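One line per chain: the protein sequences are A, B and C, in this order.
If you count the first sequence from 1, position 217 lands on 217 in my numbering, and the numbers rise without skipping.
Each position in the second sequence, counted from 1, maps to that position plus 1000 in my numbering.
Each position in the third sequence, counted from 1, maps to that position plus 2000 in my numbering.
Simulated from the structure, these hints should not be mistaken for lab results.
Any given hint might turn out to be false.
Claimed, not checked - DSSO-like cross-link-like pairs, simulated, lysine-lysine; straight-line CA separation at most 30 Å:
1) K2134/C x K448/A
2) K2075/C x K448/A
3) K2134/C x K2100/C
4) K230/A x K22/A
5) K448/A x K2166/C
6) K231/A x K22/A
7) K77/A x K2100/C
8) K2166/C x K2100/C
9) K2112/C x K448/A
10) K2075/C x K2100/C
11) K2075/C x K2134/C
12) K2100/C x K2112/C
13) K2112/C x K2166/C
14) K2134/C x K2112/C
15) K2100/C x K2064/C
As the list claims (entries may be wrong) - Which stretches of chain A does chain B cover? Using the computed rule of at least three CB atoms under 8 Å from a CB of chain B, they are:
16) 264-272
17) 364-374
18) 378-387
Note that the structure is predicted; figures quoted are calculated from it, not measured.
Virtual Cβ for every residue (Gly too), placed ideally from N, Cα, C.
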Amino acid sequence: MRFLAGALAWLESRSGLGAFIKPLMSHHVPRSATWWYVFGSATLMFFVIQVVTGVCLGTMYAPSAAEAWQSLRYIDKEVPAGWMIRALHGWSSNAMVVMMAIHMLQVFLHASYKYPRELNWITGVCLLLVVLALAFTGQVMRWDQDAYWGLGIGASITDRIPVFGSQIRDLLLGGPIIGGETLNRFYALHVFILPGAAIALVGLHMALIMRHGISEMPRPGAPVRPASYKKEYEERMARDGVPFHPDASQRDMIFCGVCLIALVVVAAIYGPFGPGGEPDPTLIDTNPRPDYPFMWLFGAVSLLPPASETFVMLVTPGVIVLALFLVPFLGNAGERAPSRRPVMVLAAAFAVIAIASLTWEGLASRWSPVMNGWSALPTPAQFVRGRTPLEMQGAVVFQFAQCRNCHALGGSGGQRGPALDDVATRFTPEQLTRQVQQGGGNMPAYGKNLSRAQMDAIVGFLSTLTPSYETPAAIPGAMLPLPISSAEPAPR
Amino acid sequence: MTPLFSALSSVIARRWLASVALLVSGVACDRLPGAPSSSSAPPRGSPQWTLATFDTHCRGCHSMADEGASIPLMDRSYWTFASDAHVIDATTNGQGGLMPAFLDENGGPFTADEIAALARGMRTQWGGSVAGSIAATYTAGNAVAGGLVFAQSCGSCHGPTGTAGSLLDPSYLRLVSDQGLWASTLAGRKALGMPAWNEPMPGRPSGLTPGEAADVVSWIASQRPGGRGGAP
Amino acid sequence: MSEGPGHTGCEGCGCTGGGSSGNRRAARRGFMFKLGGGLMGVGALLSALPVIGFVLGPVRRTQKNQWVALGALAKFPPGATRFATYMNPIQQPTDGESIKTACWVRCISEGKYQVFAINCAHLGCPVRWFEQSKLFLCPCHGGAYYEDGSRAAGPPPRGLFEYEWKVEQGALLIDAGRLPGMEDST
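One chain only, chain A, in its complex shape:
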């Protein structure tokens, strides 16, 4: 025991580690810093998980376009606990993005970024960008079809930059194609550059927290006055503060512990992300989707009108990042309480609603055709019962001409165009014919591709699509509407 104490004393005398750590643990934090303050710690904890699991994966992953996908399959299926490490890495990355967003929202709503903590906010914004870049490059590491085509989307956006677009694209991809060097480039970013930047920024962020202290809970009528803030804050901390450990750290520990358990449970239940289909670009029967953190972006680029698309895609991210950097300088002093900052609260609400609804739209992807809808989704029974031969044939044309890829019947099919269950209540046969022939309203024109007979049949079928269409009680014997085509009676 005495030997141990001696060894510790020696270590402390040579390294000074204890003297470094002690103020970290014992510095005073405001008594009002309660459960609102745990999200930053949770973000950091998830980052540590990322580093640990990432290093584990680094021992097995083959950063080569020829082998990456196979090595992930190997980790998933052969390596003991390999899939669990991948699942932890994947879910922890999502959790880190979520915790970071909540942390950022809390800091924004409580205006903790005001004097003297402007740099805390700015390093935080830098961390946000680095973490999002880690998430994107992490998706590339899977090197499956989503990764390949996701890179294609990134390349296409880069390509639209004026003047130097294609050069920047080549720089990003490491060549004129998405290939071996592309993966290695993103690998270097994902495991060296971005984690290095993140660790440096986290260190800076923490040093700034130590320098300026944790902000108090905002109170209405207690504005920040830069001239006297620091002195008053230090006086309040000395008088009324509590040591970080254990008064505040216990809450962090409880929250982080719950998060960690939840992470393991979620990872054990839902497993790792991908890898999806093998990265063979000639397998085009694929439906590329980004990971959750970028779903809102996927939704946004789908909903932009083509005319303004390039401008919005290239300029908006810059404007948003600039606005985030400027936040602490736009309102550097004054009231911090949300109740006294209605505009900022509205701005935060707008951002949350915008990202949530765009994510929702991205997940639903109503603009995307159901690529095998025509060959996979049968015409529901209520739409074939009691139809004439021509109308039945119209239903076949409806499938055959891939209408189902964009239009739903009976709740299944594409959502790109309107559902057609009751289209006959909205369109006369003449209007139906014109719409199918000429298209319009984001529908292609089918005029050239459908014969007269096909058009007759499909319009005949569509004209039966009303909620009140009477299904005959028994066939034969019930009266049925005549087909709308000019049926000349054949000679008998």
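On the provided structure of chain A, position chains B and C as indicated by the hints.
Then chains B and C, alone, in the frame of chain A:
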């Protein structure tokens, strides 16, 4: 100090061992719900493969007895007369009209082997053996005699004034090939009220004979504006 | 490079300060500082050059497009649009499967072709041909194109990218290589 140390170390060792055992049994247990399934795609020709392939590429038109607009394949009636060779030919080259060709060389998604496996798999799934009482491929009969059969057995529902909608609609006849008419006549759509060729129908309590079926299809085809063929 | 102000104290030098020798030392220190800064600058520049050249390498495009055979003309019957694949002539040693590339070949009539890139002109996802409706559809954002590659509906700002083609010895060749993009604007 020594007894303290040994007591401490034994406690630590026991705890350590226990937690390692817990970790190994918990984490290495690949029975957790998140563990990636070790099974890869079902092998070609297996029932799962057949169903998955059918669901993706065929079911949109050829579904169950009461749904889908074209001949139901998830129903026995078609398989009683359609031979494997016929199914393979229809899938490979299409059937004129609205059935596309599915062979890769013809622009479709399947290799020849896949088409053969699919035909066999579908029969195992829904078919059974071919009855052999009538050929799956249409050969023309006597249109004049067929006119009489139509008037007696089909016209009450399918004639120009019939209740189930006229078969003689020129647009319908232009869309459907002779082979398509033949297959529809043979298979029927019992769930929708139309009997198969050998089932009771008006004027014919024991259904049609193979000859009558050929005759009546010939007559229906002869009513097509512009005569034979039937292509869109 | 961090260039501090040089050391100002004299504790570690073993020197005895004072007088004109102090001035000489100050002058020498100024010279040494400039020399150090200059050497570091030149060294940094020299070592940075290969790093910059290495990182910017891909922009130089050492590999060019080449003519690639898509197969015999018989594979592309008149009136049909068919799927074709080829190995990208621009290759790197570790590409694996990712150099396999797909395209759509439309034979308008005997000897007249259009070869479309697989990549949607919107954001590069793989478009699929639907023979029955004579449309190319994109699974990502629902871009749609007509048979001739022109834009039919959805977000794409233009029609499909096309490769240049030629017929040699009964085979169809295209000028392929780099990922199609805005440079190919027509």
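Right, here's what the structure says about each hint:
1. Distance check on the hinted pair: K2134/C and K448/A sit about 9 Å apart at the alpha-carbon level, within 30 Å; holds.
2. A hinted pair counts as satisfied when its Cα atoms are at most 30 Å apart, and K2075/C with K448/A qualifies at roughly 25 Å.
3. Distance restraint check for K2134/C and K2100/C: the Cα-Cα separation of roughly 26 Å lies within the 30 Å cut-off, and the hinted pair is therefore satisfied.
4. Between K230/A and K22/A the CA atoms are separated by roughly 22 Å; this keeps the pair inside 30 Å, and the hint holds.
5. Proximity of K448/A to K2166/C is assessed by CA-CA distance (about 28 Å); at most 30 Å being required, the pair is judged to hold.
6. With a C-alpha separation of about 23 Å, the suggested pair K231/A and K22/A falls inside the 30 Å cut-off, and the hint holds.
7. The suggested pairing of K77/A with K2100/C holds, with an alpha-carbon distance near 27 Å, which does not exceed 30 Å.
8. Restraint check for K2166/C and K2100/C: satisfied, since their Cα atoms lie roughly 21 Å apart, inside the 30 Å limit.
9. A threshold of 30 Å between alpha carbons decides the hint, and for K2112/C with K448/A the separation of about 20 Å falls inside it, so the pair holds.
10. For the proposed pair K2075/C and K2100/C, the alpha carbon gap of about 19 Å is at most 30 Å, so the pair holds.
11. Among the hinted pairs, K2075/C with K2134/C is consistent with the structure: their alpha-carbon atoms are about 19 Å apart, no more than 30 Å.
12. Restraint check for K2100/C and K2112/C: the C-alpha separation of about 25 Å stays at or below 30 Å, so the hint holds.
13. For the hint linking K2112/C to K2166/C, the alpha-carbon distance of about 9 Å falls within 30 Å, and the restraint holds.
14. About 18 Å separates the Cα atoms of K2134/C and K2112/C, which keeps this hinted pair within 30 Å; it holds.
15. For a cut-off of 30 Å, the pair hint linking K2100/C to K2064/C stands: about 17 Å separates their Cα positions.
16. Interface restraint, the stretch 264-272 of chain A with chain B: holds (6 residues with C-beta to C-beta distance below 8 Å; minimum three).
17. Counting residues of the stretch 364-374 of chain A whose C-beta lies closer than 8 Å to any C-beta of chain B gives 3; at least three are required, and the coverage claim holds.
18. Evaluation of the coverage hint for the stretch 378-387 of chain A: fulfilled, as 8 residues show C-beta separations to chain B shorter than 8 Å, against a requirement of three.
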